[in-house]
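J.: Just need the whole structure built from these sequences, with the hints factored in.
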Amino acid sequence: MASPAVQTRLPWGLMALALGGLLVATNPDQQDFEAFAGAYLVELASEELCGGDGLPLAARLVVQNCPQLVRSQGQALGRLAAASSRRYNFGLFSLYSTRIGGMDLMPGLSVPRYRALTLAGAGQLVVLQTGTESAPGPS
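Residue numbering for the sequence shown follows our numbering, beginning at 1 and increasing consecutively.
Any given hint could be a false lead.
[What the hints assert, rightly or not] Simulated DEER-style distance windows between Cβ atoms:
{"#": "1", "residue 1": "76", "residue 2": "133", "range": "19 to 25 Å"}
{"#": "2", "residue 1": "23", "residue 2": "58", "range": "49 to 55 Å"}
{"#": "3", "residue 1": "123", "residue 2": "17", "range": "14 to 20 Å"}
{"#": "4", "residue 1": "9", "residue 2": "132", "range": "17 to 23 Å"}
{"#": "5", "residue 1": "10", "residue 2": "47", "range": "27 to 33 Å"}
{"#": "6", "residue 1": "97", "residue 2": "51", "range": "49 to 55 Å"}
{"#": "7", "residue 1": "56", "residue 2": "17", "range": "42 to 48 Å"}
{"#": "8", "residue 1": "86", "residue 2": "123", "range": "41 to 47 Å"}
{"#": "9", "residue 1": "19", "residue 2": "130", "range": "26 to 32 Å"}
{"#": "10", "residue 1": "126", "residue 2": "19", "range": "28 to 34 Å"}
{"#": "11", "residue 1": "112", "residue 2": "39", "range": "17 to 23 Å"}
{"#": "12", "residue 1": "71", "residue 2": "126", "range": "20 to 26 Å"}
{"#": "13", "residue 1": "26", "residue 2": "128", "range": "15 to 21 Å"}
Hints listed in this document are in silico derivations from the structure and should not be mistaken for laboratory results. Remember, predicted model here, so these are calculated numbers, not experimental data. Ideal Cβ positions, reconstructed from N, Cα and C, are used throughout, including at glycine.
T.: Written as C-alpha cells, this is what we have:
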C-alpha cells in the first residue's frame, strides 16, 4: 500500500497534469491571434483616424463613413498584424511580439510605428503592453 504522502500527492499531480493538458489544448493559435489583432487594430485605427484631426481635411472630404471604412479592413489588418508578429510558444501559453507601421499612406499621413506584446492562453488573448515609436526622420 502507498504511503499517505504519496496518496495525497497523487490527486494533486493528476490535477496539475490535467490542468496543463487543458492549457495546452486551449492555447490560441495563429488564426485566433489574427482575428483578435484585426479587431483590436480596427478599434485603435478608428480612434486614431476617425476622431478629431486624425485624417487630413482632403481625406475627410472624400471619406464619408470613416468607422465603417476602417471596420471593412479588419481582416487585412489582422493579416498584417500576424505577418508583423513573432510567436513564442511555451506550450501552456504563447507570447506574440508585434511591431507594425511606420509607412506613409499619403503625403502628410503616415501610420505611426506601433508595438504590442500579447499573451495567449486558456482560450484568451490579452494585450499586456503597447506603445508607439516615432518614425525616423528624413535622412
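J.: Next step is simple, just say for each hint if it's right about the structure.
T.: Hints and how they fare:
Evaluation of the 19 to 25 Å hint for residue 76 and residue 133 yields a pass: the beta carbon distance comes to about 22 Å. At about 50 Å, the CB distance of residue 23 to residue 58 agrees with the hint of 49 to 55 Å. Restraint check, residue 123 to residue 17: a C-beta distance of roughly 19 Å satisfies the suggested window 14 to 20 Å. Taking 17 to 23 Å as the suggested C-beta distance range, the pair residue 9 and residue 132 does not conform, at roughly 49 Å.
The supplied range of 27 to 33 Å is broken by residue 10 and residue 47, whose beta-carbon atoms lie about 52 Å from each other. With their beta carbons about 28 Å apart, residue 97 and residue 51 fall outside the hinted range of 49 to 55 Å. Distance hint check: the CB atoms of residue 56 and residue 17 are about 58 Å apart, inconsistent with the given range 42 to 48 Å. Taking the beta carbon of each, residue 86 and residue 123 are about 21 Å apart, not inside 41 to 47 Å as hinted.
For the pair residue 19 and residue 130, the beta carbons lie near 29 Å from each other, so the given range of 26 to 32 Å is met. For residue 126 and residue 19, the Cβ-Cβ distance of about 19 Å falls outside the hinted range of 28 to 34 Å, so the restraint is violated. Under the hint 17 to 23 Å, the C-beta atoms of residue 112 and residue 39, about 19 Å apart, fit the expected range. Taken as a hint, the range 20 to 26 Å holds for the pair residue 71 and residue 126, whose Cβ atoms sit roughly 22 Å apart.
Between residue 26 and residue 128 the CB atoms are about 18 Å apart, so this pair conforms to the stated range of 15 to 21 Å.
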